[in-house]
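J.: Residue strings, one per chain:
2 protein chains.
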Amino acid sequence: MNEGLLVVISAPSGGGKGTILKELFAKDDNLVLSVSATTRSPRPGEEHGKQYYFLQKEEFEELISQGKMLEYAQYVGNYYGTPREPVEQWMAQGKDVVLEIEVQGGAQIKKLMPGCVSIFILPPSMEVLEKRLRDRGTEEDATVRKRLEKAREEIPHAKDYDYVVFNDRLEDAVEDLRAILRAEKRKYHRNETAVERVLDHAETVR
Amino acid sequence: MNEGLLVVISAPSGGGKGTILKELFAKDDNLVLSVSATTRSPRPGEEHGKQYYFLQKEEFEELISQGKMLEYAQYVGNYYGTPREPVEQWMAQGKDVVLEIEVQGGAQIKKLMPGCVSIFILPPSMEVLEKRLRDRGTEEDATVRKRLEKAREEIPHAKDYDYVVFNDRLEDAVEDLRAILRAEKRKYHRNETAVERVLDHAETVR
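Sequence order for the protein chains is A and B.
For what it's worth, the working numbering labels the leading residue of the first sequence as -17, then goes sequentially.
For what it's worth, the working numbering labels the leading residue of the second sequence as -17, then goes sequentially.
Careful, some of the hints might be misleading.
In this list, chains with the same sequence are indistinguishable; a pair is considered to hold if it fits within one copy or across any two.
Said to hold, decoys possible - Here are the simulated lysine-lysine pairs, BS3-like style, with alpha carbons at most 30 Å apart:
1. K167 <-> K93
2. K113 <-> K169
3. K167 <-> K113
4. K92 <-> K128
5. K132 <-> K167
6. K169 <-> K132
7. K93 <-> K113
8. K132 <-> K39
9. K9 <-> K128
10. K9 <-> K92
11. K113 <-> K141
12. K77 <-> K169
13. K113 <-> K39
14. K141 <-> K4
15. K39 <-> K169
16. K4 <-> K93
17. K92 <-> K132
Since the hints were derived computationally from the structure, they do not count as laboratory data.
Chain A extracted, bound-state conformation:
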């Protein structure tokens, strides 16, 4: 069995990543969503190992010092990161593991794990993004403008990713992601052993 893929997905604010991933997971039962670790306190309803692994600061720092965090960052006084062990276990079982990473984390991940497949999801245009944010109807004008400003800063980070998927029609975006995963599994470097196996067999039947 081949090792699974490590798939890094980022999207600027309001890029619609959540909806796309939900559809993707519904269609692909070989996918696993990586659970992040954090030192912030659980909110009501959050469970350890589900939304996050909730760790003490000392535990988190020990994992860092032991090289057991694939990536991590600090954000308003708390650590957030990806524990290496569960990711590697899933991959060894042939599962494709999805990491949702902040846009700024893409370059770091690619350096740490050059074998990962990184995908940046972005809106087809700023107008569409603005319309989507406003149509939610839940956000004040100032919040919408702040999110647009943030997206504008984040979009140029697309250059650090292998692929870009435009979130225009939902179904197309989902099919793009599925095609990327399928194609990546066909890369030669992930199939060296399989190619050798074709020839090995040849020896036995000669």
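Fit chain B to the given chain A structure using the hints.
T.: Okay, now just chain B, sitting in the frame of chain A:
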């Protein structure tokens, strides 16, 4: 409009490339098959511009010296090659152009056109390949063995290609090819302008 892809496809003898490509072309109307040029004489029923562009030796050599051949090779005293102009015209129109290339030509093409997408189609095992060759019922035992021997020499060339597709179930192989084309169109380097356009628009609505 984005430029089309240049897709190089090779397969060892008896790899079933013909059937796969037929299915692929039936499903993807954005694909164009490149027509090769040759200095060999047309066989009965062959038309200039259809199976091949039939050229005089002097014409072919002039195209070479003018850099108008994407790649070429000599084979039993005749030239075979890919004229650059029609390929580039199709690509400029957004069409994906498929070049069928001899296994040995893969490395050359990749050097000449690093932007191409190269795919190696191979049988799932030598047993399957042998069975398929024998099931045709048209080939003598010696011919089958010669083809198997040739395939064995060709398969290691898979390492010069970006992707490998195993021709196990036909539908899977075709879907693999379609996924590869779709994914390649989502590569960041093919979408720089599209990403910039998202932000350009932002300026106008600010």
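J.: Take the hints in turn and mark each one as holding or not.
T.: Against the structure, the hints:
1. Proximity of K167 to K93 under the C-alpha cut-off of 30 Å is found in both arrangements, the shortest distances being 21 Å within a copy and 24 Å between copies.
2. In the homo-oligomer, the alpha carbons of K113 and K169 lie at most 30 Å apart only across protomers (27 Å), although the nearest pairing inside one protomer, at 38 Å, exceeds that limit.
3. Proximity of K167 to K113 under the C-alpha cut-off of 30 Å is restricted to the inter-copy arrangement: shortest distance 27 Å between copies versus 36 Å within a copy.
4. Taking the shortest Cα distances, K92 and K128 sit within 30 Å of each other inside one copy (28 Å), while across copies they are farther apart (46 Å).
5. Proximity of K132 and K167 under a CA criterion of 30 Å is satisfied inter-copy only: 27 Å between copies versus 34 Å inside one chain copy.
6. Taking the closest pair of Cα atoms, K169 and K132 come within 30 Å of each other only across two copies (24 Å); inside a single copy the shortest separation is 35 Å, beyond that limit.
7. In this assembly of identical chains, the alpha carbons of K93 and K113 never lie at most 30 Å apart, being 35 Å within a copy and 46 Å across copies at closest.
8. For a Cα distance limit of 30 Å, the shortest separation of K132 from K39 inside one copy, 29 Å, qualifies, whereas the shortest one across copies, 62 Å, does not.
9. Taking the shortest alpha-carbon separations for K9 and K128, neither the intra-copy value of 34 Å nor the inter-copy value of 44 Å comes in at or below 30 Å.
10. Taking the shortest alpha-carbon separations for K9 and K92, only the intra-copy value of 26 Å comes in at or below 30 Å, while the best inter-copy value is 35 Å.
11. Taking identical chains as interchangeable, the C-alpha atoms of K113 and K141 lie at most 30 Å apart only when both belong to the same chain, with a minimum of 25 Å there against 47 Å between chains.
12. Taking the closest pair of Cα atoms, K77 and K169 come within 30 Å of each other both inside a single copy (17 Å) and across two copies (23 Å).
13. Taking CA atoms no more than 30 Å apart as the test, K113 paired with K39 passes in neither setting, with 40 Å inside one copy and 62 Å between copies.
14. Within a single copy, K141 and K4 get their C-alpha atoms as close as 25 Å, which meets the 30 Å cut-off; across copies the closest is 36 Å, which misses it.
15. Taking CA atoms no more than 30 Å apart as the test, K39 paired with K169 passes in neither setting, with 40 Å inside one copy and 39 Å between copies.
16. Only within a single protomer do K4 and K93 lie at most 30 Å apart by alpha-carbon distance; the minimum there is 28 Å, versus 41 Å between protomers.
17. In this assembly of identical chains, K92 and K132 lie within 30 Å of each other by CA distance solely inside one copy; the values are 22 Å within and 40 Å between copies.
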